[in-house]
Structures are given as C-alpha cells and as structure tokens.
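S.K.: Chain by chain, the residues run as shown.
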Amino acid sequence: MQFMLLFSRQGKLRLQKWYVPLSDKEKKKITRELVQTVLARKPKMCSFLEWRDLKIVYKRYASLYFCCAVEDQDNELITLEIIHRYVELLDKYFGSVCELDIIFNFEKAYFILDEFLLGGEVQETSKKNVLKAIEQADLLQEEAETPRSVLEEIGLT
Amino acid sequence: MALKMVKGSIDRMFDKNLQDLVRGIRNHKEDEAKYISQCIDEIKQELKQDNIAVKANAVCKLTYLQMLGYDISWAAFNIIEVMSASKFTFKRIGYLAASQCFHEGTDVIMLTTNQIRKDLSSPSQYDTGVALTGLACFVTPDLARDLANDIMTLMSHTKPYIRKKAVLIMYKVFLKYPESLRPAFPRLKEKLEDPDPGVQSAAVNVICELARRNPKNYLSLAPLFFKLMTSSTNNWVLIKIIKLFGALTPLEPRLGKKLIEPLTNLIHSTSAMSLLYECVNTVIAVLISLSSGMPNHSASIQLCVQKLRILIEDSDQNLKYLGLLAMSKILKTHPKSVQSHKDLILQCLDDKDESIRLRALDLLYGMVSKKNLMEIVKKLMTHVDKAEGTTYRDELLTKIIDICSQSNYQYITNFEWYISILVELTRLEGTRHGHLIAAQMLDVAIRVKAIRKFAVSQMSALLDSAHLVASNTQRNGICEVLYAAAWICGEFSEHLQEPQLTLEAMLRPKVTTLPGHIQAVYVQNVLKLYAAVLQQRERTGTLQAAQAATQLLVDRLPQFVQSADLEVQERASCILQLVKYIQKLQAKDVPVAEEVSALFAGELNPVAPKAQKKVPVPEGLDLDAWINEPPSDSESEDEAPKAIFHEDEQKPTRPRQPEVDEEELARRREARKQEQANNPFYIKSSPSPQKRYQDAPGVEHIPVVQIDLSVPLKVPGMPASDQYVKLEQERRHRQRLEKDRKRKKQRKEKRREGHHRRHSSLHTESDEDIAPAQQVDIVTEEMPENALPSDEDDKDPNDPYRALDIDLDKPLADSEKLPVQKHRNAESPQSPDKEAVPGAEKKSKKLKKKDTKQHREKERRKGKGKGKGKKKSSKHKKKKHKKEKEEEAKDKRKARRRKAPSEEVAEEPVHNGTLDGEPLPPLSSYCLLAEDTYIKMTYDVQSSLQKDSQVTVSVILENLSRSFLKSMELNVLDSLNTKMARPEGASVHDGVPVPFQLPPGVSNEAQFVFTVQSIAMAQKLKGTLSFIAKNDQGSTHEKLDFKLHFSCSSYLITTPCSSDAFAKLLESGDLSMSSIRVGSITTSFQNLLAKICFHHHFSVVERVDSCASMYSRSVQGHHICLLVKQGENSVSVDGKCSDPTLLSNLLDEMKVTLAQC
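Respectively, the protein sequence lines represent chains A and B. Residue numbers for the first sequence follow UniProt numbering, so the first one is 1 and each next one is one higher. Residue numbers for the second sequence follow UniProt numbering, so the first one is 1 and each next one is one higher.
The following block holds chain A by itself, in its conformation from the complex:
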C-alpha cells in the first residue's frame, strides 16, 4: 500500500498516512486530486479506480471516505478488507465510532493504524491483538499521566 487517506464528504482531510516518501507539495497535490475524483463518483459506482499507475480503492462509511492507493498487482478486494478491518478496529476502540471521535482523537486513530499496518503492509491480522496492544500502551500512558494530574491539582489549590 502506498498511502491511506481519510476525508469527509465535504472534502476535509481527517487522516493521512504515507508509506512512500513524497514531498509535502506532492502529497498535497495528490490529496486534492484524489479527494475531488472520489467525491465526484456516484454512490452506485464500484470502489475501484485506476489513477496514474496505481489503483485507488475507497469506501465510504457514514460521512467518511477511506481511500487507499495500492499497486497494480495488488488485490483490490483485500484492500477493501483492510479498510473494513480498520473501521472495525476504530469502532471497537471508540465504541461505535463517528467522525468527531477521529477528529478529536486523531492521534489515537493513528496509533491504531500503526498497530494494524506497518510500512504499508498488514502487521497484525487479529483484531484482538491490535486492540490489546493499543490498550496496554494506553494503560502505560495513563500510569504516566496520573502523577501529573495530581501535580496539576496541587498547582490549582
């Protein structure tokens, strides 16, 4: 996989993950182009399109479009599966996820993605394992955070 983009129906980018090194300018150009192309497609159309020498696989969940770019020989259906799996993971983690969850906790969305995919390849096919890793990392974070909030309270009082 070359990159993954999440954007809203209004064309606002919600998440981007690039697995190929590209300059910021290039990234912006690609993003703009793809968002336009995908949004222009009708709901009844299939989820694949050929774009440059890549294949774009996208799927819409509620108001969010998940869009992946894969190479020519890659399997479109498994890419759809990846998207779906990621949505499931988000759903499990946030508990029926909505666009706002991703906006306000965008770093969490990234963390989940990073546990699921690494360098553009599927890292862990088991949902349970991904969530377990995330939960434990969060736990680690909370442990670290607790003393600080105590400190904060001291500062307050």
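Hint data in this document are derived by calculation from the structure and do not stem from the laboratory. Just so you know, not all the hints are guaranteed correct.
Unchecked claim - Think about it this way: if two alpha-carbon atoms lie no more than 25 Å apart in a straight line, the pair counts; the simulated DSS-like pairs of lysine-lysine are:
{"#": "1", "chain 1": "A", "residue 1": "59", "chain 2": "A", "residue 2": "44"}
{"#": "2", "chain 1": "A", "residue 1": "132", "chain 2": "B", "residue 2": "371"}
{"#": "3", "chain 1": "B", "residue 1": "329", "chain 2": "A", "residue 2": "55"}
{"#": "4", "chain 1": "B", "residue 1": "352", "chain 2": "A", "residue 2": "55"}
{"#": "5", "chain 1": "B", "residue 1": "332", "chain 2": "B", "residue 2": "257"}
{"#": "6", "chain 1": "A", "residue 1": "55", "chain 2": "A", "residue 2": "17"}
{"#": "7", "chain 1": "A", "residue 1": "25", "chain 2": "B", "residue 2": "34"}
{"#": "8", "chain 1": "B", "residue 1": "371", "chain 2": "B", "residue 2": "726"}
{"#": "9", "chain 1": "A", "residue 1": "27", "chain 2": "B", "residue 2": "378"}
{"#": "10", "chain 1": "B", "residue 1": "936", "chain 2": "B", "residue 2": "966"}
{"#": "11", "chain 1": "B", "residue 1": "307", "chain 2": "A", "residue 2": "44"}
{"#": "12", "chain 1": "B", "residue 1": "16", "chain 2": "A", "residue 2": "108"}
{"#": "13", "chain 1": "B", "residue 1": "399", "chain 2": "A", "residue 2": "55"}
{"#": "14", "chain 1": "A", "residue 1": "55", "chain 2": "A", "residue 2": "92"}
{"#": "15", "chain 1": "B", "residue 1": "34", "chain 2": "A", "residue 2": "28"}
{"#": "16", "chain 1": "A", "residue 1": "44", "chain 2": "A", "residue 2": "127"}
{"#": "17", "chain 1": "B", "residue 1": "1043", "chain 2": "A", "residue 2": "12"}
{"#": "18", "chain 1": "B", "residue 1": "1030", "chain 2": "B", "residue 2": "936"}
{"#": "19", "chain 1": "B", "residue 1": "34", "chain 2": "B", "residue 2": "370"}
{"#": "20", "chain 1": "A", "residue 1": "42", "chain 2": "B", "residue 2": "386"}
{"#": "21", "chain 1": "A", "residue 1": "42", "chain 2": "A", "residue 2": "55"}
{"#": "22", "chain 1": "B", "residue 1": "118", "chain 2": "B", "residue 2": "44"}
{"#": "23", "chain 1": "A", "residue 1": "55", "chain 2": "B", "residue 2": "1020"}
{"#": "24", "chain 1": "A", "residue 1": "127", "chain 2": "B", "residue 2": "176"}
{"#": "25", "chain 1": "B", "residue 1": "370", "chain 2": "B", "residue 2": "352"}
{"#": "26", "chain 1": "A", "residue 1": "44", "chain 2": "B", "residue 2": "936"}
{"#": "27", "chain 1": "A", "residue 1": "55", "chain 2": "B", "residue 2": "332"}
{"#": "28", "chain 1": "A", "residue 1": "17", "chain 2": "B", "residue 2": "176"}
{"#": "29", "chain 1": "B", "residue 1": "34", "chain 2": "A", "residue 2": "29"}
{"#": "30", "chain 1": "B", "residue 1": "1030", "chain 2": "A", "residue 2": "12"}
{"#": "31", "chain 1": "A", "residue 1": "42", "chain 2": "B", "residue 2": "370"}
{"#": "32", "chain 1": "A", "residue 1": "29", "chain 2": "B", "residue 2": "29"}
{"#": "33", "chain 1": "A", "residue 1": "44", "chain 2": "A", "residue 2": "25"}
{"#": "34", "chain 1": "A", "residue 1": "92", "chain 2": "A", "residue 2": "12"}
{"#": "35", "chain 1": "B", "residue 1": "342", "chain 2": "A", "residue 2": "44"}
{"#": "36", "chain 1": "A", "residue 1": "25", "chain 2": "B", "residue 2": "44"}
{"#": "37", "chain 1": "B", "residue 1": "176", "chain 2": "A", "residue 2": "25"}
As the list claims (entries may be wrong) - The calculated label-pair distances, taken between Cβ atoms and stated as ranges, are:
{"#": "38", "chain 1": "B", "residue 1": "622", "chain 2": "A", "residue 2": "13", "range": "50 to 60 Å"}
{"#": "39", "chain 1": "B", "residue 1": "268", "chain 2": "A", "residue 2": "36", "range": "40 to 50 Å"}
{"#": "40", "chain 1": "B", "residue 1": "603", "chain 2": "A", "residue 2": "36", "range": "51 to 61 Å"}
Remember, it's a predicted structure, so these values are computed and weren't measured experimentally. Backbone N, C-alpha and C define an ideal beta-carbon position, used for all residues, glycine too.
Given chain A's structure and the hints, the job is docking chain B onto it.
M.R.: Here is chain B on its own, set in the frame of chain A:
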C-alpha cells in the same frame, strides 16, 4: 524550583490542548487562517518552555495542523526533543509527529540515530514498538545503514510483538540499504517458520514484496511456500503466497503445472471473494505462462471463466468490475472461452456505473467476429443514443470505430452498413471525434473500391444537409466529417448521380462559416465536381448547361476569395481565374471538359504506413545536415507553413501515424521527392490539400454512372444501418440456403454415384461461411518501388527479449540436439559416383518414383518418431508431420531437392536474399571428409546459440562396399583448442562409438560434439574411423584416416538483423575492418548472396541493386557485418568484426567460396 514547576502548571492551565484547538478551528470557520496563525504563535511560545509536557502538547497540536496542510518543518528539532522524552506518552506523540512530517530531506533526522537505537533496545516493548513504527515512515538510507544491525537483532526478540514489527520494517530497510538484504535474508527465511502466526505472516509479506520485484532470486523458496500454501488457513497470508507464485510461474512453468491443482481446489472451496479473485488471477497468469505445447488446461480456464461469470452477475459493483477486469486477461489468450459470455458482457453495457461499462467495452473489442459484429455495433449504437455525458459517448464512438476497423476491417462483411453507421454517428452532437469519423470515411472510400459509389451517394447527402451537421458552432468537432465528405464527392465524382446538385450544395454561402481547412477542401473539390459536371453536359451536348455551371462558379467563388484563411483564399483565387479562362473558351464554343478533367486524372492510392521508412536513403545523402543555415527558433515558428494555413490540432490525425519530429519529416520529404516519379499521391498520411495531380491520358474513361438503387437508401422510421443488419441477415440466410441446397445436391449426386459417405448436415456457421456482401477489394497499400522486403522493422532491435524470440513449436533442429541414435533407411544402393548427400539422393528418387515416395517417407518418419522416444506427445508428432508435409509440397513446387533437416536453419536467409523466384542452384553444406573402398564420409559442422563453446559435427557415413560394416568408432586427436566430447569416464585416447551399423549400400548420419575455446582461427583435427567390415569371406578390421576441418564460418549462426540495428553496429566504431576482392565472377549477384548466406551463415540485411549488407553472429557473440558489392565481373567484400583475426580468416574462407562462383 518547586515554585517554577507550579508556575509552569498554572501557565499550562491556560494553554490549549488538542481538543481546544480542534474546537477553536471549528468555531472560527470564517477566519480560520487567522486563527490558526495565532495558534501557531502560541505553539511557538509553548515550544520554548522547558516543560516536556507542554512541548508534547504543542507538538501534538502541530501534527494536527500539519494534516490540515500547514508547514511544520520548522519544528523538527522540537519534535526530536519530544521523541527523546523518557515518558511513553510524550515519546509516542513525538514519534507520531516525526512519522507524519519527516522525510529524507529533513536535515535534523541524523540526530535521531542514537535516540532511536536507544529506544529500540529499551526494556519496554512499547518503546521499541513505537520507535519501529516511526522508523517505518521516515527511514533514510543513512538510518537504514546505521540501524540495520539493531533491527536484525530484534527479529529474534523474545516477544512476537517486536519480532513481527522488526520483520516488516526490514523491507523498508532493504529498500533504503540494499546491501543489508543478503546478510539478513537467512534470518528472514527462518521467520517463515516462526511459531507465532503474526510473525510468520509478516515474513511472508516481506518476502512476497521482495519477490514480486525480482522473482528469479526467490525461485528456490518455492517448495517452502508451496508447503505454507497447502497448510495455511489464514486468507491474508494465502493471498500473499498465491500472489508470489503468480510472480514466480513465468520463470518456472513446471511450478505452474503443479499449482493448477491446489489453486483450483481453493477456487472450489473458498468463500472469501478476495481469495477467490486472487486464485483466479494467478491461474490465469499460470495458464498464460504455460506454453501452448503443454497439456490442455481448458478445464481450468472453464472454471475461471465460470467463476468470473458469477462475479460479474453479482449485484456487488466491485465484484462485477473485477470480474470484467480478469475476464479481459483471459480474453487475450483464450478468446473462445470468453466469447460464449457475450450476452453477459453486453448486459454490463447497461450498468449504471461508467467504469463497469468501460470495462465491458474493452472486452467487446476482443470479442467481435464477422458473425456478431453487426449485432454488437447495433447494441452499441443504441447506447450511443441513450448515453448521457459526452465523455462516455465519445468513448463509445471511438470504441465502435476501433471495433469495426480493427485488423484492417477484418470483421466487416458489408461496407455499405459500415458507411451508414459512420453517417449515423455524424448525428452526434458535441463529440470531439469528428476527425476520427472523417478519417474512417476517407479510409474506407479509398481502400474499398466497390463501396465508392455508395459512399459518394451518402456523402453527397451529407453535404446537402451540411447545415444540420455544422449547425451549432465552429467548435463542433463533427463538422470535420464534411472535410471527408467533400473530398470523397470530389475525388470520386464520376460516381455521383447529380454532380450539379452537390456542386451547388458545396457553394452555399453557409459554407464560409466552416473552419478554414474544411473550406479549403471544399474549394479544391468544387473544381473536381465542376470537371465532372462539364464532362456530363458536354457529352449530352447541352453546352448551355455547361456554361451555366461555369457561371455558378464565377458567381459563388468570390465568397471564398474573401476568406480570412490564406489557404482558402489562395485556392479560390487560382480556381476563379481558371474558371474565368474556361468561360472565355466556352464563349468561343471550344469544348473544355476533357482538359479540365485531365487536371484530376489518375488514381490516388493509399500508402502503406511504413512505406516511407522502407525507402533506402540514397548513398551520399546526409539527412542530418542542414540544407540551409538553421533559422532561429522564433523564426521557425512563424515560418511553419501549417501554422499559417490551419491549426494543427484541427487536422484530422490518424491514430496510426505517430508524431514525427523535424528530422523525420526532413527525411520523409527527401524520400518523397525521390519517389515522386513513381507515385506522387499521398493522401493517406495527411489529407493535406496540396496534392499533386498528374496529367494522364484516359479522361474519357471516367464514366457517368447511373446509380441503380437496388438497395433503398433510407427507410422511413428506421436508421439506415438497422436496415442493413436486416438485409445482411436475409442475405446470410439466402447464402445458407443456397449452400444447403448445393450440399444436398452434392449429396444426392454422391449417393447416385454410390458413395455412401455420410455428410454431417449439422449447421455450424463459422466465420468463414459468411461471404462478404459485395466483392470487397481492399486496395492494397502502395509501397515504394525499391522498398526492402523485410518485416524486421516491426520489431525493436533494442528489445532485450529479441534473442528469445524462438519458435518453440518447431521440432528441434539437429544442431540443437545432443547426438542421439537415429535410424535412416536408405532404400536402394547407390552408385559411388553420385554425390553422397541424402538430399540429392532423395531428389533423384522423387523424380523416379513419385508414387512410392510418399509411402516410404511415411515409413521413414515413423522410424524417426520411434527413435525419438516417448517424451514427445502425439500432438507434437502430428504437428511435425504437418510441417513436413508442407515442406514437401513446397519442394515439389519448386522442384528443389529436399532439404536435409540440418540445413533448414541455414536455408531461411536465402529466402531473405531472394527477391523473386529465380531458381537457386542446389546447395549443400556437407563436404567430403574421407573415402575409401568401404566407406565414404561427408560432414557438416553446426553451432547453436545455446552453447557458446560447442559445435556439433554431423557425419554421414555411406557404405560403398558389399560388406556389412559394424563396430564403427570415431576418434580424433584433440588439440588444445578443440576437443571431442567423449562419454563420461572415457580417456582422451578412446574413440566414440558410432551408434549404428551399416548394411551394404546404406548411409546414416552420426553426430559428435566438440568443445571449442577460441573460434577466431580455423581448426584442423586429425582423426581415424575404425570399423569391422564383414562379408562372406570373413571380417576384417579396417581404418580410414581423415582430417576434420572446422572453418570459422561454421561458428557463425545465421541471425537476422534489422537495418537500424545494423547501422548502429557500424556506427559504434568498436569493430575492426578488413576487405577482399575476388575477380572473374560470373554468377548472378543473387546466387552469390545466397551462397554467402548458405555457406557462411549470413543473412541479408539490406540489398540495393548490386550492393548488399549482410550480418551474422558467432557462437561467442561476435558481430560480423559485411558489405558485398558487385562490380564488373568482380566482387568486393568489406567486413567489420569485433575480432580482427576471426574476420580475416572468415574473409579468406569467403574468398575460396566466391572463387568457385
């Protein structure tokens, strides 16, 4: 200190966290940019603080802003600071920010090396994990080099969580630092069998990705993957493995055969569509890679097509799309299996999704046949009518034209139908492809002579209703068809029923609103029509009417003279003056029609697309040299004549004509001049109006034809093309009936004659059954007189796969085979004075007893087939038979002697050099080796490309005595350079047994392999043939000494070479040169070339008159180029070769050959 801490905390109270930022941005929809710049200022302040928590918060916000498109590269150093925080919370944010915004150009990235290394070896697996994740995004070559070892260690970490990440990231490391692949690979391979499925799947992922790029290096892993494939149940992993096999099979067909079964099993059993799709794709790839000689896999193809049909029938658009996509892959190799699903594909044209419709269109292109073309096009036409959105409609239009015109209109049986389709297409509004339709009209009208009459009638109707076509705007692309219509009506005006009407239509004032280049064509063709009108009127003697026509022109042409378009203006002025002159003549009652028609006499023929290229550049002409000093850039732009007359983009461009650069144009221009005497007409490449006409006699041949309207042109309420579909169906039906009748008749007659052979009356209507409606005589494209008869230019000489372009269906040539025992039955004893060549012997026999020959040949072949062993399938044998029979026929026809199999290869280039049927003297490459009273030995040396240091010597042994010869053994004294290949275990002094015995009068051929080191010098080896001769008186031990001569020519392999590649070779300059001259040559140049081709294994690259360039290649890859010139009874040969010794030796040999001529 504590106070400071407290103060920092209080400050933080007022800092925004990420949520505040997001909320803020949402609340400032109107002045978002301003708000954000304010936030960035705040963040800058926060980053200056010592508190790491504050910094992390700032970096987190920056990451969000980066996503919105703001540049945060200025904060790279702060990101590194946060990355190196000890707390996981902050580290995580730091790495996330880094992975989002670091790239290879980030200069501070090298500062991270040590920090990352520290994190990688952290006791906390999450620290390590987060570092690995980040690294995957921003790894640079330097980082890869410095950290490769650390990551490799992590591949054996105790925790699978780390192992799998480390394995995956290795792929990125390999990409950045390829040197790491070899040392890391063994460990990576180990991970394929890791107990943890996650790690295993990661390893499969990495190796698959690697193998996809360079499959051949991973062939050795195939068995391991095969095991994994049959044992794994994880679909994610399976898909990767199957994909990997898809990449491997083209390299190893055996693997493909092995895969078919498990893959078909998976196809049958799996419920996961993604896996099914992958399997189908790989099966297709496997079947494509298996050569056609392999056992038939039609069952697998059927299964794939069947499954794809299910996908296409699915309501899910995605599956439909993918099904069509995969179907098109099958179509390329197995069109038959796909064609049966035509109904389904046609259904897909109705789909709501445009991308699906386009896929279906692609498929249709490959599915048409003579039988279904009309039906498919009819269906497409209805879609054209329905289609909303011009892009799709234009796509449909181009596809219709592509489908119909493919392979030289192969599938069109009725051109009247095609013309009416084209006319119908002109009714499309707002299409961009007017020029495409126009080009088709021109092409068909010019090349299908029989259709001209019909085309002209349709085109005149089109001109008459031009206001409809060109009604809206000038931008309307469809008006391009008027260009074609005007030209066709003008050029073929003899077919016009009412030229006067068309003439009037073309002179309407409305015409001046058309684009300039179309008007120009109008003006030019008005004159042609005028000529036709004059002719008609003068013949009927109505001179008044003729004058009226002249007056019409004089009245109407001024409107073109005023045109702003230079081309139109110029032509109109010229023609106007001409017409005025004619008017004067007419006033004196001088008949003018013939002279005016003479202006346009002569036929315009299409020129073959490659005709120009085939004209050889005359000697001494340097096309790259400027004739005049090159003008400056700006000038040349202004001076380009086309830019003045009409814009280039409006010109109808033919798809098969690629853009040509200036140089090419110059070359063509030159070639055209040279060739004008023979053929001045160039309408095909660019229908430019500046045509030249040749004065030619025979104007009176132009007949005024009455169109007989046996076919009504229009049927009310029905588009014309539909009508043709009906007519065509009726015609086919009639044809069929007639055929049936004939067949019945035949059957009856046969029955009457007593033949009881049963005829199958089953009706299979194949393509061949459908005869075209009119005798379609597709005008062949003209070639320049001295074009070179080679098809080499179809291939790119630089294509690296060219050397592999070997016909695999051909039976193995003897030179390719290892020496094996073969049996050759000689039918009759031979007189010793006859040339002991098997070919010659057969020829004489052929002439003597033609009736018995075939029978014997068959027998001989049977024996041969048996000798070859069971490896070959019966199918193969059949093919061979067929081929040999063809050869036989050829031989009979040309009354040439049968070729010995080994000569086949050498024979080809002789054809190449042969321009026409001048009979060649018989050639034989076999020469005498030794002879005594018992035996005669002739031999030939052959090399093959596959083995660069091996040659095969075929020795024909012929028993001349009345004794039975057995225990023959051949031995040679090896030299340092040349050694005979002996059976394993034999010493250099042992001979090689000849694998057969010879009864009296029989001859047979044995082959011996020699290894050669240097091929630059001819070699001579002394040898002995020992044998036991047995007759009534008893047996004697005999010996025959011989000298085996390896000429340098025998190391050459006939290799065709294109003239381009040849020129490049000569230019390269690393070839040394040498030449010879041989006097008193009497044979024709043709024979001479044939001899060089045959005896020295050259092929003719180009031949111009009495000068030819030839090419050959040695087994060791030396290129040898020759230039052979014939003077007055002398021949000079100039050679160039990378090895001077080889060249001079070769030329010496050639001298001997030529001296015999």
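S.K.: Each hint needs a verdict: does it hold in this structure or not?
M.R.: Taking the hints in turn, this is what the structure says about them:
Annotation: proposed proximity of residue 59(A) to residue 44(A) holds, straight-line Cα distance about 12 Å (limit 25 Å). Of the supplied pair hints, the one linking residue 132(A) and residue 371(B) is violated, its CA atoms being roughly 63 Å apart against a limit of 25 Å. Pair hint residue 329(B) plus residue 55(A) holds up; C-alpha atoms about 17 Å apart against a cutoff of 25 Å. For a cut-off of 25 Å, the pair hint linking residue 352(B) to residue 55(A) stands: about 21 Å separates their Cα positions.
Our distance criterion of 25 Å between C-alpha atoms is met by residue 332(B) and residue 257(B), whose separation comes to about 20 Å. Distance restraint check for residue 55(A) and residue 17(A): the Cα-Cα separation of roughly 16 Å lies within the 25 Å cut-off, and the hinted pair is therefore satisfied. Among the hinted pairs, residue 25(A) with residue 34(B) is consistent with the structure: their alpha-carbon atoms are about 22 Å apart, no more than 25 Å. Between residue 371(B) and residue 726(B) the alpha-carbon distance is near 13 Å, which keeps this suggested pair within the 25 Å criterion.
Taking the CA atoms of residue 27(A) and residue 378(B), the gap is about 46 Å. The hint is violated against a cut of 25 Å. Using a Cα cut-off of 25 Å, the hinted pair residue 936(B) and residue 966(B) holds, with the two alpha carbons roughly 14 Å apart. Between residue 307(B) and residue 44(A) the CA atoms are separated by roughly 23 Å; this keeps the pair inside 25 Å, and the hint holds. For the hint linking residue 16(B) to residue 108(A), the alpha-carbon distance of about 18 Å falls within 25 Å, and the restraint holds.
Note on residue 399(B) and residue 55(A): the hinted pairing holds, with a Cα-Cα distance of about 23 Å set against a maximum of 25 Å. Proximity of residue 55(A) to residue 92(A) is assessed by CA-CA distance (about 29 Å); at most 25 Å being required, the pair is judged violated. At most 25 Å may separate the alpha-carbon atoms for a hinted pair to count; residue 34(B) and residue 28(A) meet this at roughly 21 Å. The straight-line distance between the Cα atoms of residue 44(A) and residue 127(A) is roughly 30 Å, outside the 25 Å bound, and the hint therefore fails.
Simply put, residue 1043(B) and residue 12(A) have alpha-carbon atoms about 87 Å apart, too far for the 25 Å limit, and the pair is violated. For the hint pairing residue 1030(B) with residue 936(B), the CA-to-CA distance comes to about 17 Å; that is within 25 Å, so the pair holds. Only pairs whose Cα atoms come within 25 Å are accepted, and residue 34(B) paired with residue 370(B) is rejected, the gap being roughly 68 Å. Restraint check for residue 42(A) and residue 386(B): satisfied, since their Cα atoms lie roughly 19 Å apart, inside the 25 Å limit.
Taking the CA atoms of residue 42(A) and residue 55(A), the gap is near 18 Å; set against the 25 Å cutoff, the hint holds. Restraint check for residue 118(B) and residue 44(B): not satisfied, since their Cα atoms lie roughly 28 Å apart, outside the 25 Å limit. Straight-line distance between C-alpha atoms of residue 55(A) and residue 1020(B) comes to about 64 Å, which puts the hinted pair past the 25 Å bound. Restraint check: the Cα-Cα separation between residue 127(A) and residue 176(B) comes to about 31 Å, which exceeds 25 Å; the hinted pair is violated.
Pair hint residue 370(B) plus residue 352(B) does not hold up; C-alpha atoms about 29 Å apart against a cutoff of 25 Å. Of the supplied pair hints, the one linking residue 44(A) and residue 936(B) is violated, its CA atoms being roughly 83 Å apart against a limit of 25 Å. Only pairs whose Cα atoms come within 25 Å are accepted, and residue 55(A) paired with residue 332(B) is accepted, the gap being roughly 21 Å. Under the criterion of a C-alpha separation no larger than 25 Å, the hint pairing residue 17(A) with residue 176(B) is consistent with the structure, at around 19 Å.
With a C-alpha separation of about 23 Å, the suggested pairing of residue 34(B) with residue 29(A) holds against the 25 Å cut-off. A hinted pair counts as satisfied when its Cα atoms are at most 25 Å apart, and residue 1030(B) with residue 12(A) does not qualify at roughly 100 Å. Using a Cα cut-off of 25 Å, the hinted pair residue 42(A) and residue 370(B) is violated, with the two alpha carbons roughly 37 Å apart. For the given pair, residue 29(A) sits about 23 Å from residue 29(B) by alpha-carbon distance, which is consistent with the 25 Å threshold.
Taken as a hint, the residue 44(A) and residue 25(A) pair is broken in the structure, with Cα atoms around 32 Å apart against an allowance of 25 Å. Only pairs whose Cα atoms come within 25 Å are accepted, and residue 92(A) paired with residue 12(A) is accepted, the gap being roughly 24 Å. Between residue 342(B) and residue 44(A) the CA atoms are separated by roughly 24 Å; this keeps the pair inside 25 Å, and the hint holds. Under the criterion of a C-alpha separation no larger than 25 Å, the hint pairing residue 25(A) with residue 44(B) is consistent with the structure, at around 23 Å.
Under the criterion of a C-alpha separation no larger than 25 Å, the hint pairing residue 176(B) with residue 25(A) is consistent with the structure, at around 22 Å. At about 59 Å, the beta-carbon gap between residue 622(B) and residue 13(A) stays in the expected band of 50 to 60 Å. Between residue 268(B) and residue 36(A) the beta carbon distance is about 43 Å. The supplied range of 40 to 50 Å therefore holds. Evaluation of the 51 to 61 Å hint for residue 603(B) and residue 36(A) yields a pass: the beta carbon distance comes to about 54 Å.
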